[in-house]
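As they're listed, the protein sequences go chains A and B.
Each residue of the first sequence is one higher than the one before, starting from 10 at the first, in this note's numbering.
Each residue of the second sequence is one higher than the one before, starting from 10 at the first, in this note's numbering.
Do not take every clue at face value.
As the list makes no split between identical chains, a pair holds if one copy fits it or if it spans any two.
[Said to hold, decoys possible] Below, a list of computed lysine to any residue pairs in the SDA-like style, where the Cα atoms sit at most 25 angstroms apart: (1) Lys133 with Arg99; (2) Lys255 with Ser19; (3) Lys255 with Ala84; (4) Lys255 with Arg14; (5) Lys106 with Pro18; (6) Lys255 with Pro18; (7) Lys255 with Asp20; (8) Lys255 with Ala407; (9) Lys255 with Thr114; (10) Lys133 with Arg380; (11) Lys414 with Asp458; (12) Lys106 with Gly161; (13) Lys133 with Val379; (14) Lys289 with Gly411; (15) Lys255 with Ala31; (16) Lys133 with Leu101; (17) Lys133 with Glu95; (18) Lys133 with Glu100; (19) Lys133 with Gly64; (20) Lys133 with Ile73; (21) Lys133 with Asp262; (22) Lys133 with Arg13; (23) Lys255 with Gly21; (24) Lys414 with Leu205; (25) Lys255 with Ile63.
Hints in this document: simulated from the structure, not taken from any laboratory.
Computed from a prediction, not measured in an experiment: that's the story for all the values here.
Here is how the chains run, residue by residue.
Number of protein chains: 2
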Amino acid sequence: MPTRRFDLPSDGTPDHWYNLAADLPAPPPPPLNPGTGEPIGPEALAPIFPMALIGQEVSAERLIPIPDPVRDILAMWRPTPLYRAENWERELGTDCKIFYKYEGTSPAGSHKPNTAVAQAYFNKEEGVERIATETGAGQWGSALSFACSQFGMECKVYMVRVSYASKPYRRTLMETWGGACVASPSEDTNAGRAILAVDPSSTGSLGIAISEAVEDAATREDTKYSLGSVLNHVLLHQTVVGQEAKDQMEMADAYPDVVVGCAGGGSNLAGLSFPFVADKLAGREMTVIAAEPAACPTLTRGEYGYDFGDTAMTTPLLPMHSLGHDFIPAPIHSGGLRYHGMAPLVSHLVHTGVVDARAYHQTECFEEAVRFARSEGIVPAPEPTHALRAVVEQVEQARREGVSKTILFNLCGHGYFDMAAYDDYFSGRMTDYELPQEEIDAASEVLADLPRVG
Amino acid sequence: MPTRRFDLPSDGTPDHWYNLAADLPAPPPPPLNPGTGEPIGPEALAPIFPMALIGQEVSAERLIPIPDPVRDILAMWRPTPLYRAENWERELGTDCKIFYKYEGTSPAGSHKPNTAVAQAYFNKEEGVERIATETGAGQWGSALSFACSQFGMECKVYMVRVSYASKPYRRTLMETWGGACVASPSEDTNAGRAILAVDPSSTGSLGIAISEAVEDAATREDTKYSLGSVLNHVLLHQTVVGQEAKDQMEMADAYPDVVVGCAGGGSNLAGLSFPFVADKLAGREMTVIAAEPAACPTLTRGEYGYDFGDTAMTTPLLPMHSLGHDFIPAPIHSGGLRYHGMAPLVSHLVHTGVVDARAYHQTECFEEAVRFARSEGIVPAPEPTHALRAVVEQVEQARREGVSKTILFNLCGHGYFDMAAYDDYFSGRMTDYELPQEEIDAASEVLADLPRVG
Chain A
10 MPTRRFDLPS DGTPDHWYNL AADLPAPPPP PLNPGTGEPI GPEALAPIFP
60 MALIGQEVSA ERLIPIPDPV RDILAMWRPT PLYRAENWER ELGTDCKIFY
110 KYEGTSPAGS HKPNTAVAQA YFNKEEGVER IATETGAGQW GSALSFACSQ
160 FGMECKVYMV RVSYASKPYR RTLMETWGGA CVASPSEDTN AGRAILAVDP
210 SSTGSLGIAI SEAVEDAATR EDTKYSLGSV LNHVLLHQTV VGQEAKDQME
260 MADAYPDVVV GCAGGGSNLA GLSFPFVADK LAGREMTVIA AEPAACPTLT
310 RGEYGYDFGD TAMTTPLLPM HSLGHDFIPA PIHSGGLRYH GMAPLVSHLV
360 HTGVVDARAY HQTECFEEAV RFARSEGIVP APEPTHALRA VVEQVEQARR
410 EGVSKTILFN LCGHGYFDMA AYDDYFSGRM TDYELPQEEI DAASEVLADL
460 PRVG
Chain B
10 MPTRRFDLPS DGTPDHWYNL AADLPAPPPP PLNPGTGEPI GPEALAPIFP
60 MALIGQEVSA ERLIPIPDPV RDILAMWRPT PLYRAENWER ELGTDCKIFY
110 KYEGTSPAGS HKPNTAVAQA YFNKEEGVER IATETGAGQW GSALSFACSQ
160 FGMECKVYMV RVSYASKPYR RTLMETWGGA CVASPSEDTN AGRAILAVDP
210 SSTGSLGIAI SEAVEDAATR EDTKYSLGSV LNHVLLHQTV VGQEAKDQME
260 MADAYPDVVV GCAGGGSNLA GLSFPFVADK LAGREMTVIA AEPAACPTLT
310 RGEYGYDFGD TAMTTPLLPM HSLGHDFIPA PIHSGGLRYH GMAPLVSHLV
360 HTGVVDARAY HQTECFEEAV RFARSEGIVP APEPTHALRA VVEQVEQARR
410 EGVSKTILFN LCGHGYFDMA AYDDYFSGRM TDYELPQEEI DAASEVLADL
460 PRVG
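Isolated chain A (complex conformation) (with noise of 0.2 angstroms):
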């Protein structure tokens, strides 16, 4: 039988996070506090963060064990596999080699669960009862529901409306974890009465979803905040992801030239690639990509420079690429890649050369996830569309200049929520959004009244 599957033992997870942080040859610039620009230190992420992942947001050591009730649950469905495309291969008429890590096996069906699970433990550990967050089409919220369920914790959704009202299936499978999911704006903070007090058909943003979850987590005793991406520490907690991987490389006597992963927040692109990174920092010669959306381009034409981390301005300033705090991205399928700004780390890294960055408008990443399905059988949710395209293009430089490549990329999560998209795709309603010049001048403008890097 041809192998087309690598799989570990069932222990194969690793026993430990990498961190990137301890390898790189300069750190990246501090988070700011906006009012007196001066770095911030851990005591001022306490209110809403318990210590210990405050802990891991600023620590310096290479490796951080990952505690055993952490990998119990995380062996529900990890190891992950790894794949060699050969179907995708063939229909590609390349001699390229392509693998993919399938991260879609989680309950929750994407790489989330590996963060939320991190995330829920440390805070049931310092006595927390009960976190808030804010989720946009809903595969964040589903994965912290499913965490929480896991160790008899209350969470609490706040839905950007437009998605509660359009992606229902995704508040139902929050419930059916026990997470209470409302529309945000919502009626249950300040900050969400305030908005529907100006505009009561408000369809809200992940801004004002994430001003919200941090008002409740900050005013109650029992709660803290949870984020999904973006945060060092949900970096680390992803880095499973890159070790499996790469000891599955190995049993395919395989090293990739060329790694790649759809960017968002970034926690996706970081999972796979830091522990290959590391390599890349040591001498060895690759290509890592970050694939994002041409209508929320973040890291291809936003500016490297402090901004907030949401639209209310209640965060640290963040030393990042960024379209604006108040940038409100076009409706595009992959909710998951609908956010301005991108984890300092992965901005870091884009900034130093050691990341390139592509963009892609949504039907071309379409076209190639039904190709995708029709011969490696996975259907892949939105967001890792944009990873398909950057390794067919990948494969077709790769073709010109008459070489073989070895390439590896994150199919971080299935469709089976998105069938929409595909609907729309098929039905020919899918639009591509190019985003005018005049938005990202006017981005510009709003980090220019901010701190500059360096």
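Please arrange chain B on chain A, whose structure you already have, making use of the hints.
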């Protein structure tokens, strides 16, 4: 770390199917030609099935080899995991040991691809270029669309019109894999056109869809017909499930006292249980339970006799439990269990006392589904919630008897495409349907006009 997941090695899927017919003390009664009342020969099936599958349908061989190209595709997701339900056991407060096989990791999300891949392969081998089938809720249609895409074959799915309208995402899933899906009754067949002529707003039925698919296959040179359950060869293909489970139970140093599966057409129950039933027939003490919906209680309230497989009376007469070929089941969420008949092999085992049958209402089943999701993390499809309810009944009985049992069931699919059912449950809209005695009596009259078994 606690061990609650038992993984076979990557090549741990068996290289043969297990044919229970070889181990039965007496063979089940033969299918009959409805015109003559005589047993039908293989040649009667040749217009709609390839010879290899007809051979498997009547085979007396105990082990039938799985061709490498079939194993190669199954290896995309097989072996599937076996779990010890430690968290659910704790929730139930039982000292019974509960194990479950999980078939939701297949591309189509259920056990159905196990036979879809095999059927597509044997058709392809005999030069068939196109397969026609019917589907109710869409699980079978999507599994066959996936399988056909793997062999570069066309797939035409006649989908019951009421489901075509209410479950657009299953239809989109079929299209993503290249399947052509039409609402049945359709304008594409004489059978469909005849019904539309009388009733242009017909919502369709599985019986009508079968008639359309069979006509399609019988009237086109390039096309054969495919069925997703009921027939011997379909059950045969599912025995990879039980064979793997047996190996995995051995890894867990356990053997089941009770084996449970939900039963609609019978292939899921057969797939898990037949390799264990072999041991029961050889003298091992064991309870095997078929869990079915109270709204479609084929085994618990239907009669054992000869009946047609479809409403339009185009199939041979099959010896089976039946509610009558014109029975229209209530619109429960378990679309895969809404069938008037039952696999002849399963019916035979129930008739001879080897398998027990139990019927449950859907609200009590969903109550267990939610408890299961919140402890084990996986959200079950509506069909296997019946198995969950049967397991809990066994747990309660063990408690009354003061014994501990080892229970194994098949979680044959995930519920990602069925969140509307969970939404109905949470919102209190879910209804139970008690089948009135008059309908059972009417079914009995239908069967009275047909040949008797034995």
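| Can you give the numbers of the hints that this structure goes against, from lowest to highest? | 11, 21, 24, 25
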